[in-house]
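Asker: Here is what each chain is made of, one letter per residue.
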Amino acid sequence: MIMRREILPLSIFGALAVLPLLGSFGSDAFILSIVARVMIFAIAALSLDLILGYGALVSFGHAAFLGIGAYAVGILSAHGIREAAIQIPVALFVSALFALVTGAISLRTKGIYFIMITLAFGQMAYFFGVSLAAYGGDDGMTLPGRSLFFGYDIAASERAFYFLVFAFLVVVYAACRTLVISRFGRVIRGARENAQRMEAIGFSLFSYQLTIYVIAGTLCGLAGFLLANQTQFVSPAYMTWQRSGELIVMVLLGGLGSLNGAILGAAAFLLLEEGLSHLTEYWKLYFGPFLVLVVLFARGGLMGGFKRLTGTGDGR
Amino acid sequence: MLKVEGLEAAYGDSQVLFGISFAIAAGEVVTLLGRNGMGKTTTVNSIMGLVRPRAGRVIIEGRDVAGEPPHRIAKCGLGLVPEGRQIFPTLSVEENLVATAANRFGPPRWTLERIYGLFPRLQERSRNMGNQLSGGEQQMLAIGRALMTNPKLVILDEATEGLAPLIRQEIWICLKALKQEGEAILIIDKNVDALAAFADRHIILEKGRVVWSGNSAALVADPVLKDRYLHV
Amino acid sequence: QEKLKVGIVVTLSGPSAVLGQQARDGFNLAVKQMGGKLGGLDTEVIVVDDELKPDVAVNKVKGLVERDQVNFVVGPIFSNVLQAIHKPVVDSNAFLISPNAGTSNFAGPQCNPNFFVTSYQNDQVHEVLGKTAQDKGYKRLFLLAPNYQAGKDSLAGVKRHFKGEIVGEVYTPLGQLDFSAELAQIAAAKPDAVFAFMPGGMGVNLVRQYRQAGLANIPFLSAFTVDESTLPAQKEAAIGFFGGANWAPDMKNPQNEAFVKAYEAAYNSVPGTYAMQAYDAALLIDAAIKSAGGKLSDKNALRAGLKKADFQSLRGNFKIGVNGYPIQDFYLVQVVQRPDGKFATSLREKVFSDYVDVYAKDCKPSN
Amino acid sequence: MSLTLLYVQTLNGLQLGVLLFLIAAGLTLVFGVMDFVNLAHGVQYMIGAYLAAMFTALTGNFFFGLALALPCALLFGLLLEFFIFRHLYARDHLDQVLATFGIILTLNQAVKVIWGAAPLSVPIPEIFSGSVVLMPGLLYPVWRLVIIASGLAIALLLGLLVTKTRIGMLVRAGATNAPMVSALGVDIGRLFMIVFGFGAMLAGFAGAMVAPILSVEPGMGDNLLILTFVVIVIGGIGSIRGAFIAALLVGLVDTLGRSFGPSILRAFLDPAAASQTGRALAPMLIYILMAAVLFFRPAGLFPAKK
Amino acid sequence: MTAPMLELRGIRKNFGALLVTDDVSLTIPRNELHAMIGPNGAGKTTLIHQISGLLSSNSGQIFLNGEDITALDLPQRARKGIVRSFQITSILPHFSTLENVALAVQARSGSSFRFFGRADHEAALNEAALTALAEVGLPDRANLRAGLLSHGEKRQLELAIALAAQPSVLLLDEPLAGTGPEESAILIELLRRLKGRLTIVLIEHDMEAVFSLADRISVLVYGKIIATGTPQAIRDNPDVRTAYLGEETV
Ligand SMILES: Nc1ncnc2c1ncn2[C@@H]1O[C@H](COP(=O)(O)OP(=O)(O)OP(=O)(O)O)[C@@H](O)[C@H]1O
Ligand SMILES: Nc1ncnc2c1ncn2[C@@H]1O[C@H](COP(=O)(O)OP(=O)(O)OP(=O)(O)O)[C@@H](O)[C@H]1O
Ligand SMILES: [Mg+2]
Ligand SMILES: [Mg+2]
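Chains as they are written, first to last, in our numbering: chain A, 1 to 316; chain B, 1001 to 1232; chain C, 2001 to 2367; chain D, 3001 to 3306; chain E, 4001 to 4250.
What the hints contain is simulated information worked out from the structure, not anything from laboratory work.
A hint or two may mislead.
Unchecked claim - In silico contact screen, one side only, chain E against chain B (beta carbon under 10 Å); selected entries:
#, residue
1, F4015
2, L4019
3, G4043
4, Q4087
5, A4134
6, H4151
7, E4153
8, K4154
9, R4155
10, G4180
11, P4181
12, E4183
13, G4196
14, P4238
15, T4242
16, L4245
In this text, a Cβ means the ideal position worked out from N, Cα and C, and glycines have one as well.
Kindly generate the complete structure, drawing on both the sequences and the hints.
Answerer: Have a look at this one:
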């Protein structure tokens, strides 16, 4: 029997799986690339939701990991290494390392101070990217093509790339789901609620929080790898604070701490951006109020609204 | 002074109060007794407007204030010492006392000096922030803060929680003095024998209903109640 | 009859939106004046905002070429966006025509037969000022640019022709508001002239603060700092300041006079180079389609038509070079207040004639 | 480097600091004291600047323009409060982030629709258009002195308001426990409304005051917003004094770092590497400053007493 | 001779000019129930903070079972068996009552760096948690969100959490405050059962409880221990009467 709370993820992934097979949509490479982009940002948002939604660690520099993942592709490609089997480990490793160092420093602070110190590191990463004159500096760099998988250019077609991203999304989602209900996840959630209480019963939160921060950063690095491949372009613009802010908005829009929400939020954000801006140049005049209305009337973001509609209580 | 009629309250779907009724006259001391979770605090909060009553009336000096916002109700002369103290952490002790101080009815009976006289400990700590106080000091501050609004009716929820015996005795003396001055008092506390000594009437709540009410003599005389609530 | 679709991708949000608007308006004006037809074909113009985010631009552009199946993409304004959209467009069925951004990499070895530029190779504008400084005999020059790739390229461009002493070379953070510190440095260095590359709002702040600091007696040479997009805010503060350009609104030729008049009537502001180059982009497309006999499917014919650039540019002298970048004249321009009270740049002297960018020699066209 | 230049640059640093404080003041009040994360502060600042530009152009006089712009900014703040913010006081910070982010998008776009995308400007008011000689060849506009004076005045005013008045106490109390303040007989809702309106007016005032030296353009508040958050966080949230000192610190570090950083680096590195490193470091300076301050003092320089 | 379970040597803490605990030395043998009383603001809670590691001391040393634990922080000491309750209720409000307690069990049983498996389905954790809840008299509240409990119930939960963390030294900061007379009786009964099985430091203003439970009592006034002794000795001590007990009959 399928539990009710599985309805939503199953329908999301079901729809994503069949989309390329639907005649009219499936043949449209553009639709596929839009949805692939949604899925890439969904991975980034999922990773952010891990720390933001479950750990109440609001990172305002999360886009740095997108950039790191993307630059791993860009820089390696510039040196002729287009093999994903090398690029992905490098992207993940560098992301993890950056997360480890910045996380260890940032976690000394709490609340809004944490937000701002992560912003500081994000900005440093951004300006570092800008100063990389050899790799295009501010202008960024174009990739020669998509990454090769074991020597094969299998991601070249929009459809193949789509399925690749889809597979990554499924794996990341499943991993996150497992993580948050595990013992480890419960400690992270507890730390959000009341750190002092958790320490008083024996949890050294720093190591747990650093671990989740590194996990989140690493996953976002993966999203960066995919993003670079999708656009075949790498630039510091992936790391601006505005981009970090947008990731936060995606998570909040979808609903904090529910994973499904991160996916919904990324989809809603990007599709509305795409759809509205196609209709009118002044699309932000509609998108802005939409966000405000979501906050005022759909507590808990889209997931909050969804839960109230279906009566699936608190998913925790 | 205060009359509560058929008060019902709920948190979301779960109803907690099922028609509470009682009254307090000016200069009267009334207690609310009952085990944990029986609805004492909910009753107090419903009176204050902190919880919106689902049904019933809260009449203060002839006016039904049920459903009005807390600040209006407080302005009718109710001073609350809340459960859990709820000191303002980012205000100093002195600021905690003066920020909401008021005197709405004639010359002030409570001033900073008088509070400090009652709780010298607070004066020693007057520049400290609210959250730097010890538990007992916070309780003193919460009582002082409520008195500084010069209320006609003081409501004390867990009046002496965390207070040392000496201070507890001070509080009882102070409340007796208040009573003498014609102040009405609604009090929740676990020191039933101390309460029995000076309260006029007692109300026992169980599962959100008034199961017994009567005066101190009746309370002390009833062996069942005595066993249940006094533990003597 | 075939229908022509043109996608415009420019920056329409954020502080730099005014540049994108000028380009969009300039293009639309041309289409309107030609009765909604370019090359005699009914023309649909689809405008999208790149938000100055490269990855957003890539998706928008993919939408244009894949979903909307446009024949030409006109854009962008900014070079980092150009880097991102270049590949997806030139690899598709459409031609990319840049009305402003003209980076060095696509002018040199990475030149592409499907990419054309109606503006300039970016360095050339900066070179105008370097050459001017050299020609005017300035010995000591102070350089100021924002700290990003285009800023570095800019100063490199100036130095290509200026052989005197650089008494200060200052890079400011992008988006800086207050230039007090730099102005003090300038005053301390006492240069013969200042060169500044400060686009957009930064330029507005710099120019006004420069004058407020009483430095206006030091000649102010600049690129993309005093132009029709910033002058409405700089006003008197910019009068007498110099810029480098391939055109100015007061250029004397009948087409241009008509264009400026029509633009001002339609959009109530003085057109800048962004508008002019986009207008020319429309003329270029028009000419190319005509020379291909209206056959949009014949890419080679279209390409040949684009190369030929058989139209009368608003700036007069205009050819397309081997790398798809223009060959044209460059001028020193100066800010004036026109009799009607509006501010504009005005041609002063020709600095380069038929100027080919330095990268073109590295371009080996494949066809 | 001459001593005069050092002295002038220090002065410039301080004045940038005061400028930053002027802009951060409203945010200190609403975010630092009322504990409401108002990302829309930046657009309120922008709207103040636009209103000043518009009314100055209409009336031909900056002070008439300012006199009209301030009540409009106040009214605008009150409208925002009435329709949106008051429903969010009791909410999570992140809800406030999302809603005010929506407001940023809307207003940045609306400004462009109303006033166009091109930057606007406001002339320096006639009576303050003079300047003083700072060093040979360099003038210092009197208007900047006026800005500094008003920044200092506001710092003082806010400091007194927040720490010395009943209103200040009640706002601080309400930020941590609004129901309790209400239960003690104070209409905290109305108080918050007033304070919020005042904060909006301060933002508008900052925008109007700097309009004569900075350009007025859509989105002008966005980067400043981040900068003001940096200032407040370095200072320690809730501390007016902290915010003021942090603003000066940021101004000094930024200005001095930019003007003397490269020459200092040249003492350690060869010139090419120095200018390369200098260029990479300069924009990061204030972020490095913030990270360093938070590393050693995780709750800012003047943490609210806990 | 075996080392005492807990030993404080010259513990001191000051906040600015205020000396809150002043050269406190105390030896508590294994399985003693040691009560700590004193006026409000005497420094009792601060002392518990120092023993548990929530606050570091300005000087002095703390020994657990002969081992110097002065340098350990709060969670490290908790893992060594020093578990405390808080005077001002400290729970996880959005977790269920059961999960609040189960987390405490989890903290002491096996690693929590486990990324697989549902923590809330671990029977061992839940059973131990339920037992603790039953002991404090809250068994029927297991599935309620802890934040929704009444004040007194939260106080009971607070104690359950501490018990579930399997302490060898239990530091209780006014466990009876806020509970009603009936619940107080249950908790006193519980403490009596625990007594002799583990070492307990009990801060309480409920003199009836203190004098009926304690093996020994220390009296803290202005940060100094003015007396330590058996309940009878303390009761008869005139200094204690003037400083703390007043007229209260015990
Ligand atoms: N962070 C702090 N800063 C300044 N003073 C503090 C701080 N924490 C506690 N104090 C002061 O230290 C003294 C001791 O406080 P503590 O909480 O230890 O008292 P206590 O003995 O537990 O009292 P109670 O019985 O009322 O709970 C109090 O006077 C309190 O005001
Ligand atoms: N915010 C809330 N939401 C839902 N239920 C609540 C809430 N607050 C209290 N309750 C429930 O309402 C009931 C009555 O609580 P109340 O606080 O009035 O009890 P009380 O008599 O004051 O108890 P105590 O002596 O423990 O303070 C309890 O069962 C409690 O769990
Ligand atoms: Mg209660
Ligand atoms: Mg205590």
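Asker: Using Cβ atoms only, decide whether E/A4134 comes closer than 10 Å to chain B, and label the hint accordingly.
Answerer: 16 Å, violated
Asker: Does E/T4242 pass the interface hint, meaning its C-beta sits closer than 10 Å to a C-beta of chain B?
Answerer: Nearest chain B Cβ about 9 Å off; hint holds.
Asker: Would the hint on E/H4151 stand, with a C-beta cut-off of 10 Å toward chain B?
Answerer: 5 Å, holds
Asker: For the restraint on E/Q4087, tell me whether the closest CB of chain B is nearer than 10 Å.
Answerer: 5 Å, holds
Asker: Given E/R4155 as an interface hint, is its Cβ closer than 10 Å to any Cβ of chain B?
Answerer: 8 Å, holds
Asker: Is the hint on E/L4245 kept, meaning its closest Cβ partner in chain B is under 10 Å away?
Answerer: For E/L4245, the interface hint holds, since the closest Cβ of chain B sits about 5 Å away, which is under 10 Å.
Asker: With 10 Å as the cut and Cβ atoms as the points, is E/G4043 at the interface with chain B?
Answerer: 8 Å, holds
Asker: Under 10 Å is the threshold here; is the Cβ of E/L4019 close enough to any Cβ of chain B for the hint to stand?
Answerer: Status violated, d = 13 Å.
Asker: Do the numbers back the hint for E/F4015, that is, is its least Cβ distance to chain B under 10 Å?
Answerer: Check passed: Cβ of E/F4015 comes within 7 Å of chain B, closer than 10 Å.
Asker: Against chain B, is E/G4196 within 10 Å by beta-carbon distance?
Answerer: Result: violated, 24 Å to nearest chain B Cβ.
Asker: Any CB of chain B closer than 10 Å to the CB of E/P4181?
Answerer: 5 Å, holds
Asker: A closest beta-carbon separation below 10 Å is what the hint needs, so does E/E4153 meet it against chain B?
Answerer: 5 Å, holds
Of the hints listed earlier, those the structure fails to meet are numbers 2, 5, 13, 14, in rising order.
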